[in-house]
Structures are given as structure tokens and as C-alpha cells.
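Protein chains in written order, with the working numbering: chain A, -17 to 345; chain B, -17 to 345.
Please keep in mind that the hints were generated in silico from the structure rather than gathered at the bench. Quantities reported herein were computed from a predicted structural model and do not represent experimental measurements. Heads up, the beta-carbon is just placed ideally off N, CA and C, and yes, glycines get one too. Hints are not guaranteed to be accurate.
Listed next, the stretches of chain B that the computed footprint assigns to chain A, with coverage defined by at least 3 CB atoms under 8 Å from CB atoms of chain A [claimed, not checked]:
no.	segment
1	7 to 16
2	259 to 265
Here are the in silico distance ranges between beta carbons for each label pair [claimed, not checked]:
no.	chain 1	residue 1	chain 2	residue 2	range
3	A	162	B	226	54 to 60 Å
4	A	306	B	226	33 to 39 Å
5	A	12	B	343	51 to 57 Å
6	B	310	A	256	32 to 38 Å
7	B	300	A	44	47 to 53 Å
8	B	26	A	256	54 to 60 Å
9	A	336	B	226	46 to 52 Å
10	B	232	A	6	51 to 57 Å
11	B	193	A	290	38 to 44 Å
12	B	306	A	243	19 to 25 Å
13	A	263	B	270	23 to 29 Å
14	B	190	A	105	52 to 58 Å
Number of protein chains: 2
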Amino acid sequence: MEVDLESLVALNLTGLVGAALHRRLCERFGSARSALRAPRSELKRVPGIGDLTSSAIVEQSRSGAAAIEIEEAASEGVSILAYGTPGYPASLSTLHDPPLVLYVRGALEERDLLGVALVGSRQATPYGLRQAARFGGELAGVGVTVVSGLARGIDTEAHRGALGTPEGRTLAVLGSGVAAVYPPENRGLARRLAERGALVSEFPLRAAPSPGNFPRRNRIISGLSLGILVIEAGEKSGALITADWAMEQGREVFALPGSVESPMSRGTHLLIRQGAKLAETAADVLEELPALASILRGVSSPAAVSPLERTVLRELGGKARTAESVAAASRLPEVTVSAALDRLAARGLVVCEGPLFRAVPLA
Amino acid sequence: MEVDLESLVALNLTGLVGAALHRRLCERFGSARSALRAPRSELKRVPGIGDLTSSAIVEQSRSGAAAIEIEEAASEGVSILAYGTPGYPASLSTLHDPPLVLYVRGALEERDLLGVALVGSRQATPYGLRQAARFGGELAGVGVTVVSGLARGIDTEAHRGALGTPEGRTLAVLGSGVAAVYPPENRGLARRLAERGALVSEFPLRAAPSPGNFPRRNRIISGLSLGILVIEAGEKSGALITADWAMEQGREVFALPGSVESPMSRGTHLLIRQGAKLAETAADVLEELPALASILRGVSSPAAVSPLERTVLRELGGKARTAESVAAASRLPEVTVSAALDRLAARGLVVCEGPLFRAVPLA
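Taking the hints into account, I'd like the entire structure generated from these sequences.
Here's what the structure looks like:
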């Protein structure tokens, strides 16, 4: 079956045809293109297609809107990836309900398949915001693509944390079109993000962020990721929906603990009680994901660590030590040692405990 | 085999004979009393008994110190429970290494077998102290005996929380003699505690709190409890030793989550990763302990809840509501509803979420 971008865009523009209906249409009519030429009466013979959907398909076909959408996307520099074509992310192809098309501003690279999602509440606490930025930085710093949803709160800080590292990559999966970034205050962040990752959406180029879009959007966040870490979530947070998607998709679920006095940690504690893994550091996440544990080993192999950093790591040994004591023992200037420790910390190879640094044991 | 208190006290006073050696002595000599009359050369034939222990046994026997110890305990109002007698706690009898004797100031009652231990670091944070007091109050409020170690920090607040409820019971297991309470600032607390529970120790009446005593003491804390909840613990806290004892003894282990920015929650997060159950409320603990879950059901049965409280619980339903809204809906004075909610909260039947109250779902 040849994939025809314009037909998939047209079916997607109806907002009523997902992968399951698309498959049935192809089975009945041979291709999406033939289905779009079929009369309403024929369309309605397909199980699951009634008055509403059949009208929408016929209307789309007549309107020619798909061709205009494709042209506009091209003029905006937005790619459209079609389900069933080589550029379409393998991690989404295997979902139960993959998006028919994926609008991408920026670029999805091979290495973005090693993604970890950071998600959480819009009503985050200062603790949650700090931790989102920290995990975003730590994960991106070791070469993991940070996936999130560009929402206010946790998502924003997770993207920012990733962009704060020298070559950190991050993907934002939107509940609106990639040319209708929401919330408005994140438009600058979205622009920077598209240069170091991508804005991704299954919704039409200029689709508004309708509330109904977000739960569906969440399945793409988890779908693009090997695992998801919930930073903060109230008892009814949308982040818990993403965790449900992740479990259904066989992705690993992690949760950050917090104060039991904070309602924003209720959801993460619930997840831990249900079997999610408690994560305190990026290393806790990487160790549990086979594909990423090998990255972690790769990054921390002698080749990837500078001679200076190697000296500092050797000096640390298994103990927690201050930069000052490492400097004294290694006869290096303290400022040099501090800088090396900070670089190692940014890559998750050492952790700071107050004034002390400790090497992260490798998986 | 008849149990002879004076002989057990004598063997215990040596500080070198535990349950295993006691058993071997009885096997060889017929009774502890006969062992105490045996010559050194005979004692040394028992595997595990060398110069030091045999000398100590002979010396104890000659000194007559045990009779004096028993007399002093009696004059102080301290009971001594001997291993193998009916008054000795059943929960300790089944341990691998039960104390030979147990000094008790106050009283161990039948219901104290439904104990839950609250343990944690001496260097606790304000968060840990608040939570220790809260769990102490919530557990004691539903009739659970709170077991802890009278140490500074978490232990102190756990006992205080239990004593703060109208009939709350609490046991303090000491690392010193019950007539040598440590730390000194807790002597007043110890006095109040002995009236509503007991001070318990296997160490001689006036034994000083030697550091080596505390790890051994911890096995009695977990041994007297159905489960233990670690409130806060650094990575090398003694509370983790208690958790190890608890796991070895088949007790349920619970841990309170906290901020990943707090070193005092590292130990509890480690426990959760190793399989301890995450506990946010007293109900989380009770639900997992069959013997206590039935208490919880008993307390929350219609008979144990007053008609007013029943009205308030019914009004709450499955939702989180303010006292004001429950008052409005039930046409009761707000002050009456608030007081009922507080009483229900103290018994773990509702939880407060800021200004909101929510009924605790029953196991």
C-alpha cells in the first residue's frame, strides 16, 4: 500500500479518523485516497463510521484543504511525517493508536529515540520547578532527549533545563498546532526549542489548544519516550493520564517523591505505591532503562571523560568529599577541581550533597 | 524446665550471654541455675564460651549481684519479665535472639501487641519532627501502641504525639537501663510515658547508654511491633538498622517520602526502592497490617462513630470538602462540624488537605 501524504492529512483534518478507522477504510477501499473519493453511503458501511464521520470525510475531500495545509506547513518550515513512511518515528508506529500524521517544527533525529519524558502539574511548587529543571539538565547533559508538553509549570522548566546544557535536546509535544503555540508566554521558548529539538503535534498546523486535545497528546509524550518521570502531580493531574498511557505502552514509569504535606506530591506517591520506580537522580532513571544504561556507561567510559575529570573521579573514589579536599589531595587548583566537578555533575556522573560530591556508581 | 528469674538476671548481668548461649548452657547443665554453679573448666566446654564468658559467669554467681538487682528493681517499681515465662511478650519469644530478661517500668498490656514502631534520625528536620508527632497521634488515636526508642528527634516526637491523644499508649525501648533514662532531657517524658505504656530494656537497671547497646536495642523495637515506619533517615542512620531487623523478623517496613533535596529522606527513599511501602497517612500503615486493618474497621464501624460523626462522614462522601461546606449542607453549626472533623482526623478516619477534609477509604 503506497502512503499518500495528502490523503492522510485530509483524514486527519476531519479530527474524527484515527489509525483504527484509517485501517478499516484502507481494507474496504484499497487506499486512503480511494476512501476519500467514495460516496457517503459506501463510507457508512465501514463499522464505526456514521453520519458525522462520513460527512466530514466527504467534505474534506471536496474542500481541498489538505493540499493548502501541506503548502502552508512547507512555507512555515514545518515537516509532516506520515504514518507508514520511513521518517515516521518507530516508537510511535508500534502504538495501539498512532497519530496518522505528525507535524514537526525542527527535526526529529535518530538519537531522539532515546527520550525520557518529564511531566507534571501546571500548578507546580517551587520544589517541583527546581527538580524539573535539574532533571531536564541532568538527562540532556548525558545525551538523553527530554520530552515534555510545553505547558506552564513542570513542562516549561524541564525544557528549559535541557536547553540550559551545551548540546541538550528536547521535544515538546503540543495539544495545539505547531503554528499555534500555547501558552503564549512560551513562544520564545518554543522557538529556541525548535533549534535544539522539535515541536511535535498531531493536530492541524493552526489548531487551537482545545482541552480535549491534551489527554490524547499525552500518549505521544509517553510514546516518544523510553520512560516517563512524573515530577509533581495532584491527585487528578493530567500527568497521571500520561503515566497510564506509559504503562499501557510498556514504558517505564518513574516518580519523584516529595513532602507528604504537599498536595502536589500526592499523585507521585500514588504512582510509587502502584509500582512506579522512585527516582531521586537522573542516574536512578538511566539505570532502569537498558538502552540508556548503556549510554550512561558510554559517557562515563574513559574516552568520554577528560584526563582532568578522570583524576577528579579517581580522587573521589567511593567517598563523599568537598571540592577543597579533592583539590588538596590531587594538588590541582580548587577552582579547576570545582569546575570539573560541576561538569561531571551536569552529566550525572557525580552528585552534589550540600558541599560534598560523590561519584555516581555505574549500572 | 523451670524458669528461674535470678539465674536469668545473673546471666544477663554478664552482658555476654544471650538466648543462644543460654540454650546451650541449659542443654549441658540441665538449667541456668546449675550452669551458674559449674566450675570454669566445665563452662568452657560449651561451644562459644571462652575465658572471658566463663570468668564472667563464675564471678556473677559468686557476687550475688542478681539478687540485689531484683530487689532494687522491685523497690523502684520495675518488673523483670523472664524469657520463657507467661508474662514475657509473645512477639519477642519468637525472635531469633530474644532478650533473656526484660525490665519494664510501667506495664505491657495485651493490646500493646498491636504495636507499630516509629523510628528515625536524631538529626531530624522540622518536617520529620512534625510527621513523627502526627503519625504518633494518628496511630495512638485509633488504639495502636506506638513503639519507639526515646531518642532525641523523631523518637521523642513520636512518643509525644501518642501521649497527646486521650488514651494513647506508647512504649519506649531503651539502650540503657530503665533507671538510667537517656537523654536526660527526656526524663519527664519517660515518667509520663510509664503511666501510659512502658519503658522497656534488656539492659541492667542502671546500665549506662553505651553506643554498642543501640543496634541491639533496635531489634526489640521492631520485635515488639507488627510493622515499623521510618520517618526520616540519613544514608547511614540507625533507623535503617531497625528496618533491617524488621525485615529479618518478618515485620512490615514502611517509609515516609520527603524532598529529594533533604539528606534526611535519602534513607527512606532507599528503603522504598528496596521494597518498603510508601506511607503518607496512618491509614496507609493500618491497611497493610491485617491485625490492625481489623481495628481500623472496628473503629470506623457505625458503633464506634457517634451519630454526629456519622452525619459528617456521610456528608463528606467521596469528596474533599471544607468544614464550612459540610456544615452548610448538614445544617449543623460550623464549630460542631469542625470539632467532629478534628476527632475523626485524630482517629485517622478523615484526612485534612489544607482547609479540606476527606474521608479515608476503608481497607
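Hints, verified against the model:
no.	hint	in the structure
1	7 to 16	violated (count 0)
2	259 to 265	holds (count 4)
3	162(A) to 226(B): 54 to 60 Å	holds, 56 Å
4	306(A) to 226(B): 33 to 39 Å	holds, 34 Å
5	12(A) to 343(B): 51 to 57 Å	holds, 54 Å
6	310(B) to 256(A): 32 to 38 Å	holds, 35 Å
7	300(B) to 44(A): 47 to 53 Å	holds, 49 Å
8	26(B) to 256(A): 54 to 60 Å	holds, 58 Å
9	336(A) to 226(B): 46 to 52 Å	violated, 26 Å
10	232(B) to 6(A): 51 to 57 Å	holds, 56 Å
11	193(B) to 290(A): 38 to 44 Å	holds, 42 Å
12	306(B) to 243(A): 19 to 25 Å	holds, 22 Å
13	263(A) to 270(B): 23 to 29 Å	holds, 28 Å
14	190(B) to 105(A): 52 to 58 Å	holds, 53 Å
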